[in-house]
Amino acid sequence: MKQRHAIVAGLAAGVMASAGVLAAAARTAPNPQPYGRPIGPAMASDTGAGELLVGVIGGVFPSRQEAEAANASLVFGDLQGYYVVPVAQFQGFKQDVGEPGDFALVSVFRTDEGANAFAELAATFGNEATILPERVRSLGGLYAGLGQEANPDGSGPLLGPVTESLP
Amino acid sequence: MRNGSRGDRGFRFLGIAVPIAVVLPLIAAFHWGQLGWRDRHENYPSRPSGYAQIVNRFGQPCNAEARAISMRWRAADNGVTYSFSFHRKLGGRPTAMVSDKGGRSTNLDNDVYGHIQNAHLQPYVEHGIYGYACRAKRNSNEWSTHAFGIAIDVSSAEEYMGKCTSTVNKRHAPIWQNHNWYWGLAFCDPMHFQYATNY
Numbered sequence: 002m003k004q005r006h007a008i009v010a011g012l013a014a015g016v017m018a019s020a021g022v023l024a025a026a027a028r029t030a031p032n033p034q035p036y037g038r039p040i041g042p043a044m045a046s047d048t049g050a051g052e053l054l055v056g057v058i059g060g061v062f063p064s065r066q067e068a069e070a071a072n073a074s075l076v077f078g079d080l081q082g083y084y085v086v087p088v089a090q091f092q093g094f095k096q097d098v099g100e101p102g103d104f105a106l107v108s109v110f111r112t113d114e115g116a117n118a119f120a121e122l123a124a125t126f127g128n129e130a131t132i133l134p135e136r137v138r139s140l141g142g143l144y145a146g147l148g149q150e151a152n153p154d155g156s157g158p159l160l161g162p163v164t165e166s167l168p
Numbered sequence: 019m020r021n022g023s024r025g026d027r028g029f030r031f032l033g034i035a036v037p038i039a040v041v042l043p044l045i046a047a048f049h050w051g052q053l054g055w056r057d058r059h060e061n062y063p064s065r066p067s068g069y070a071q072i073v074n075r076f077g078q079p080c081n082a083e084a085r086a087i088s089m090r091w092r093a094a095d096n097g098v099t100y101s102f103s104f105h106r107k108l109g110g111r112p113t114a115m116v117s118d119k120g121g122r123s124t125n126l127d128n129d130v131y132g133h134i135q136n137a138h139l140q141p142y143v144e145h146g147i148y149g150y151a152c153r154a155k156r157n158s159n160e161w162s163t164h165a166f167g168i169a170i171d172v173s174s175a176e177e178y179m180g181k182c183t184s185t186v187n188k189r190h191a192p193i194w195q196n197h198n199w200y201w202g203l204a205f206c207d208p209m210h211f212q213y214a215t216n217y
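Protein chains in written order, with the working numbering: chain A, 2 to 168; chain B, 19 to 217.
Because the hints were derived from the structure by calculation, they are not lab data. These numbers were taken from a predicted model, which means no experiment stands behind them. Check the hints yourself; a few may be wrong.
As the list claims (entries may be wrong) - Here are some, though not all, of the chain A residues that point toward chain B, as calculated from beta-carbon distances under 10 Å: (1) Phe62; (2) Ser74; (3) Asp79; (4) Ile132; (5) Glu150.
As the list claims (entries may be wrong) - Derived Cβ-Cβ restraints for the label pairs, each shown as a range: (6) Gln66(A) <-> Gln140(B): 25 to 33 Å; (7) His59(B) <-> Ala45(A): 36 to 44 Å; (8) Pro112(B) <-> Ala45(A): 36 to 44 Å.
Idealized CB from N, CA, C, for every residue including glycine.
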C-alpha cells in the first residue's frame, strides 16, 4: 500500500515538474516575428550575372586609381554611394559611355524606380548621376550595388530578378 | 520721512515688477500660443537593440513602411528646404502642427521638430538633412539604419562622418535623445540620429 502511494506521489511530482519545465520554456520562447525572419544585416554580393540592369553612372575614368580617388571625394553622408567597377563587366555599357579598360563609378538596379531613387539621392548630395538610357547586361565581376532597392511589393529589398531584368 | 521713502520705493518696484511679470511669460509663450504646438509624446515604439529587434519592430530594410511618412525641414544656413521620408511608426500622427499623414506616433515631425523650433534651436540645423534611403552603410555591406527609415542625418556637411566632436548638432542632440533617438557622435558620426542601439 505504502509502495503504491509512493509510486502515485512520484508520478504526480514528475508530471508537475514537467509541467513547470514546459511553462518556463514557453515563457522564454522567442516572440513571434511579425515581419518574418531577418534577412541578415550583411547583403549578398549579388552581381546579377546575365541580367539586364539599369546603371546609374557617377563618372568614367581611365584608371582604377583615378576612379577610386574620385569616388572617395564624393559625399553621400554616412551612406554607400557608387562602386568602382571596370566598364567591361557590363555588356552594352561602352556603347553609352566609356571604353574597354575604363573604370566607372556605378550603382546598378533591377527596376527603374530603384535607379531613379538613387539618382535623386545622389543629386541631393550634389553628385553627378546619369541613368543609362538602355539596360546593360551584367557579365558578373565586381559587386556594383545590386539589391539596394525596394521590392515593388513593399516587403523589403529586391533580392532577385524581375521580368524587366531577365534576358 | 523714511517710511514715505520706503513706500515710494515699494510702489516703484511694483510698477516695474508687475508689468515684467505679466509681459515676460507672454513673450516666452509666444511660440506655444501662436503655433498651438505641444509635445504630445503619443505612441512611441520602444527603441530596439540590435539587428533582429530592428527587423521585428520596423520590418525588413527598404520595406514600404520605412518611407511612408515624409516631412520638410529648412536648413538654417543656406535656406534650402529638404524633404525626406521616415518610418510610419515614428511620426505622421495628426496634431495641431502636423496634418494627418497616416502615421502612428507624434515622435519626429511633431515632438522632436517642435521642441527644436520652440527652444529656438533651428539656427543650429544646417544643410544636409536626410532620412530614408535603401542603401548600405558607407564602406560596408551592412544595411544602414536609413534603410529602415529609422535614421535622420542633420547638418551633414558640418557634422561629417568621421568627426568625433560636434559643433552645431550638440545644441539640439539632447532633444533627440529625450525622444528615444541615439546620437551617432558615439561612433564619430555626429550628423546621425537613429531610433535603435547596438547597430
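Let me make sure I understand: some of the numbered hints might not hold for this structure. Which ones are they, in numerical order? Violated: hints 1, 2, 4 and 6.
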